[in-house]
Amino acid sequence: MRKALFWLAVGLMVFVFVFPVLWIYVTALKAPDDIFSDNPFIFTPTLENFDYLINVRPAFGELLNSMIMSVCSTIIVMLISLPAAYSFARFNTGNGHILFITISTRMFPGVVAAIPFFLLFRTLGLLDTHLGLVLLYTYFNMSFATFLLYGFFREIPESLEHAAMLDGYDRITILRRIVFPLIKPGVAITTMFCLIWSWNEFLFAFLFTRRVARTVSVGQSTFWGSVEIQWGPMAALMCIAVLPTLIAAWIMQRHVVRGLTFGAVKG
Amino acid sequence: MSAAPRPRLYENDRVMKWLLIGPLVFFLLAFMVYPTLYSLYMSFTDYVMKGAPGFVGLDNYRWVLSDEAFWAALGRTIYVLFWCIAIELVLGMALALLLNREFPGQGIVRGLCFIPLLVSPLSMSLMWNYILHIQFGVVNTVLGWLGLSAVPFLSTPSLALNTIIFITVWQWLPFSIFVLLAGLKGMPRDQFEAAQIDGASPIRVFFRLTLPLLKPLIIIIILLRVMWLMRLFDPLYGTTRGGLNTELLDWMIYRVSFVFFDIGQGAAYALFALYLTLIVGALLFKQLIKAMDGR
Amino acid sequence: MLSPRLKRILAISAVAAVAGAGQVAAKDDFTLDDIPEIENKEPIHVALEAGGAADLIIPYLQKFSEATGVPVTSESMVFATIYSKEVVELQGRTGAYDVVVTETSWTNEWRDYLYPLNELAEKYDPEGVAGLQAVVDGIDPGLLRMASTRDGVLVGVPYYTYTMISIYREDLFNDAGEQAAFKEKYGYDLAPAREWQQLLDQAAFFTRKEGEELRGEVLDHDFYGVSMMAGRFPHVQDELAAMIWSKGANWASPVREDGKLVGFEITDKDRETLEWAFTLYQDLMKYAPPGSENAFWDFATAQFVEGNTAIIPLMYNGLWNWASSVADEVPGARAAAAPVVGERPYTGAFHFAPSRDSGNPEAAYWLLKYIGSYATQKEMIEGGWAGTNADVLGEPDKTVETNYAAYGWIPPTLVQWEAQAPDVDDYLHFNSSAFGKIYEQMTIIGHENATGATTPAESVEAWEKAFDRLQGKFGELPVN
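First to last, the sequence lines map onto chains G, W and U.
Each residue of the first sequence is one higher than the one before, counting from 1 in the numbering used here.
Each residue of the second sequence is one higher than the one before, counting from 1001 in the numbering used here.
Each residue of the third sequence is one higher than the one before, counting from 2001 in the numbering used here.
What the hints contain is simulated information worked out from the structure, not anything from laboratory work.
Glycine included, each C-beta is placed from N, C-alpha and C at the ideal position.
Worth double-checking, as some hints may not be accurate.
In silico DSBU-like pairs for lysine-lysine, Cα to Cα no more than 30 angstroms straight-line [said to hold, decoys possible]:
hint : chain 1 : residue 1 : chain 2 : residue 2
1    : U       : 2378      : U       : 2041
2    : G       : 3         : W       : 1185
3    : G       : 184       : W       : 1185
4    : U       : 2465      : W       : 1050
5    : U       : 2183      : U       : 2247
6    : W       : 1215      : W       : 1017
7    : W       : 1215      : W       : 1290
8    : U       : 2123      : U       : 2063
9    : U       : 2378      : U       : 2063
10   : U       : 2378      : U       : 2123
11   : U       : 2183      : U       : 2286
12   : U       : 2183      : U       : 2209
13   : U       : 2286      : U       : 2185
14   : U       : 2465      : U       : 2286
15   : W       : 1215      : W       : 1286
16   : G       : 184       : W       : 1286
17   : W       : 1050      : U       : 2123
18   : U       : 2260      : W       : 1050
19   : U       : 2123      : U       : 2027
20   : U       : 2247      : U       : 2260
21   : U       : 2286      : U       : 2269
22   : W       : 1017      : G       : 184
23   : U       : 2260      : U       : 2123
24   : U       : 2185      : U       : 2247
25   : W       : 1286      : W       : 1185
26   : U       : 2041      : U       : 2063
27   : G       : 184       : W       : 1215
28   : G       : 184       : W       : 1290
29   : U       : 2247      : U       : 2286
30   : U       : 2473      : W       : 1050
Derived Cβ-Cβ restraints for the label pairs, each shown as a range [what the hints assert, rightly or not]:
hint : chain 1 : residue 1 : chain 2 : residue 2 : range
31   : W       : 1101      : G       : 16        : 16 to 26 angstroms
32   : U       : 2286      : W       : 1282      : 45 to 55 angstroms
33   : G       : 251       : W       : 1197      : 31 to 41 angstroms
34   : G       : 60        : W       : 1103      : 38 to 48 angstroms
Okay, chain G solo, but in the shape it has when bound (with noise of 0.2 angstroms):
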């Protein structure tokens, strides 16, 4: 009884959460005339919506930009943040004032940040750039990367690395054998949230990209028109930008978990 009401628990959630995006599935296989009728589960499966992003409107070059942009900002924020956030845990560097003020530039409503950020950006000839949304994706992420990394800094009591201490082991040996596996978990979920807001971000990417940078969640909007929405490409772009960040949650899932049993800290 109690593990049917768990299945039914489960079950209620993965429906809920999984549904909506199971139905852009469903309508990317729909043809142009299926998109509103009665019976929306009867139709006659297509592929020439995936068809029209292969051969008329090709979207491979937005995904391999999105694909550069998540993951080289990704990275840089990890480089950034890990130390500042292990700093703020450790160290209390600023005495909170810095951390708080990481974290206080997400505050800061991004259309209006978007103007002076673009006049800054054509005068530095970064418009339209990889390096130029990079930048931008680094310096958005990397104050919730570092808030959510100290959090996880700050559950790895002190005393363990006090006791490697004072058994001889030095600095970065410490970091490495000893914080490290323990933050795991806590880097594979930063990891993985840079990855999908840096992919799915629109607003810069569509005011700071034309042609050559212009990244997949911008693609995805493409196919609103003043007289026609493309429903089924638009649902069948959106499938595949789903893919991979699913792919990149699925590997990250699993750190966590695996990260998530050797965390079990005997304090």
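We have chain G already, so just place chains W and U on it with the hints.
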């Protein structure tokens, strides 16, 4: 944590600790200073992205304070903020506890739970408009088959904002679930074992042990969600576009600065929103540090 | 077969076509081969609006590129945000777009960033201004006025029009039973409405509940009179504009001194008409299907195509093609198009305009001329495109009989263009340099009114306040 004496090595790490946050501070200075100062300056001008900015003193702020639409938008934002965070925390905790066990297929279930976070919220908003449409939406079609009357999810003022909340919760619930789940998994096991040996009821363990240990993470979730929800924008893009009583603060700021290109006015709205968030954020942050240090 | 009304349209459009042909003795015979060697080979980048329409124009960009050796790239942008993006790029003077796609009502606002076409013609065209004139002469004069500044300086070539037409279920209007029932109830014949009251009558008449009869068949779902676009999308104000203009009134009337525009004024007549239009809109909403409060053209047309509504009183011509497919979706159904009530619908076009910051205005000029030319427009229109070339549209074979789905929108459109041409000069849309902003505010006011959040009187008040502020802040001419 016991008051272990801080080893000397940590005391002498002055250089090290600044070195570690060096890149972060550099990035902050490089990216934060300019837009913030720019907006601050513009908020005292009548700049409209044409001609030269003219100084208008506090006019923009005066307008903000007297603008009914602004206060209405702020009120809606707080409404959304409250309900989203409440639902995400309660439901997120329940589901995290549900998932915090070994069961066959757990990897698949967890993976599937990630899905709402993965789709582009902007494209999804247009899909929601389609899925929840009163006539052509699949949800209402199924409700019709069940003999229920169609629900105007996105086409009546009394419901539209709640639908926006639903969309937002749908997209962000996994975030809370996974942060809390990670917290649950990372907990020191010995205390729980001790409690189990003492024969404490699961409810007691949850409130006495689990919740206090998760407190920092809960505050983190609240803090982040307050920040993000103050800037909630995407779900409106393809659904109501601020109509039917759903105009939120960030949508309004978007409209003013990005459609009207009323840079000065937009900056005043934005800074006003920023001050509010900063105050709330600072209070939460203080609580967070306290909660963390209390351990 | 044809309704009397439609026969009238066809007769008129045939006359119009002949007249048009008479004015322009020779249609331009401009082709790609007529483009002289373009010295500047710098690539040009074209901003396009998203959707299937972009796909149709891209092949022509490629043809141009092949013929001239100037690389052409394009970028399609989501309709909801294209204005913002173009403003940022134009006013930020990035020169990113050599050719910008411009909604006709943005013309005045952007004129500082666009080249007067005559200037380019003098510089690059061996035939000079006359060469350009030959091409644009074929385009509807109303649309040309819209692509010009209020001083009459042409800055773009319209290539795609959205003129509102009325689309209705011809099978219902022709059904003897319905006709008799209508006549009995309202005392006059059922035919496409010429008065707004007739439209209201028809909307009420066709609104039926599940189980009632329509065309003698029992309905298995609720049926509604009209499809409306009351959502907070930039369409609700277009519907309102058609109502306001039909009465000879304006959102705000121009104030002229010695024939020169010196300002705007919301006159008493405007105020009265605005309130009437807001009231009419609320009345029509009673006969619109649920969901109309958040609808735009997509869902509004879908309601019609799926057999849930009888009339779309105001719909962009570009949607005709889809709307006419009701014949495939609903057995026995057939769509017909008529001019909207009052024959003063929202009319506009996208025009291509060369940016002043373009690195290659020469190629941009020739691209415009090529896209606007008779031969190109003919090809596009025959491919189902809502072209702007009145010569092509007026050709005798462009009728419902020859190609129902592709040409059905043409006859009413031509009638309306003809009727509306003298008024265009007075429309706020094409005179205010703050119109991009005003238009956005109109959406909000129209939507709030349509959903009943504000009363018609309050809506008028909101409009007056908003117009004063926006025109004062972003426009150049004063509000009297």
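Quick rundown of the hints versus the structure:
no., hint, in the structure
1, U:2378 x U:2041, "holds, 28 angstroms"
2, G:3 x W:1185, "holds, 21 angstroms"
3, G:184 x W:1185, "holds, 12 angstroms"
4, U:2465 x W:1050, "holds, 23 angstroms"
5, U:2183 x U:2247, "holds, 26 angstroms"
6, W:1215 x W:1017, "holds, 27 angstroms"
7, W:1215 x W:1290, "holds, 10 angstroms"
8, U:2123 x U:2063, "holds, 24 angstroms"
9, U:2378 x U:2063, "holds, 15 angstroms"
10, U:2378 x U:2123, "holds, 28 angstroms"
11, U:2183 x U:2286, "holds, 22 angstroms"
12, U:2183 x U:2209, "holds, 20 angstroms"
13, U:2286 x U:2185, "holds, 19 angstroms"
14, U:2465 x U:2286, "holds, 28 angstroms"
15, W:1215 x W:1286, "holds, 13 angstroms"
16, G:184 x W:1286, "holds, 27 angstroms"
17, W:1050 x U:2123, "holds, 28 angstroms"
18, U:2260 x W:1050, "holds, 25 angstroms"
19, U:2123 x U:2027, "holds, 23 angstroms"
20, U:2247 x U:2260, "holds, 24 angstroms"
21, U:2286 x U:2269, "holds, 26 angstroms"
22, W:1017 x G:184, "holds, 21 angstroms"
23, U:2260 x U:2123, "holds, 29 angstroms"
24, U:2185 x U:2247, "holds, 27 angstroms"
25, W:1286 x W:1185, "holds, 26 angstroms"
26, U:2041 x U:2063, "holds, 15 angstroms"
27, G:184 x W:1215, "holds, 21 angstroms"
28, G:184 x W:1290, "holds, 25 angstroms"
29, U:2247 x U:2286, "holds, 22 angstroms"
30, U:2473 x W:1050, "holds, 11 angstroms"
31, W:1101 x G:16: 16 to 26 angstroms, "holds, 20 angstroms"
32, U:2286 x W:1282: 45 to 55 angstroms, "holds, 51 angstroms"
33, G:251 x W:1197: 31 to 41 angstroms, "holds, 38 angstroms"
34, G:60 x W:1103: 38 to 48 angstroms, "holds, 39 angstroms"
Violated hints are absent here; each numbered hint is respected by the structure.
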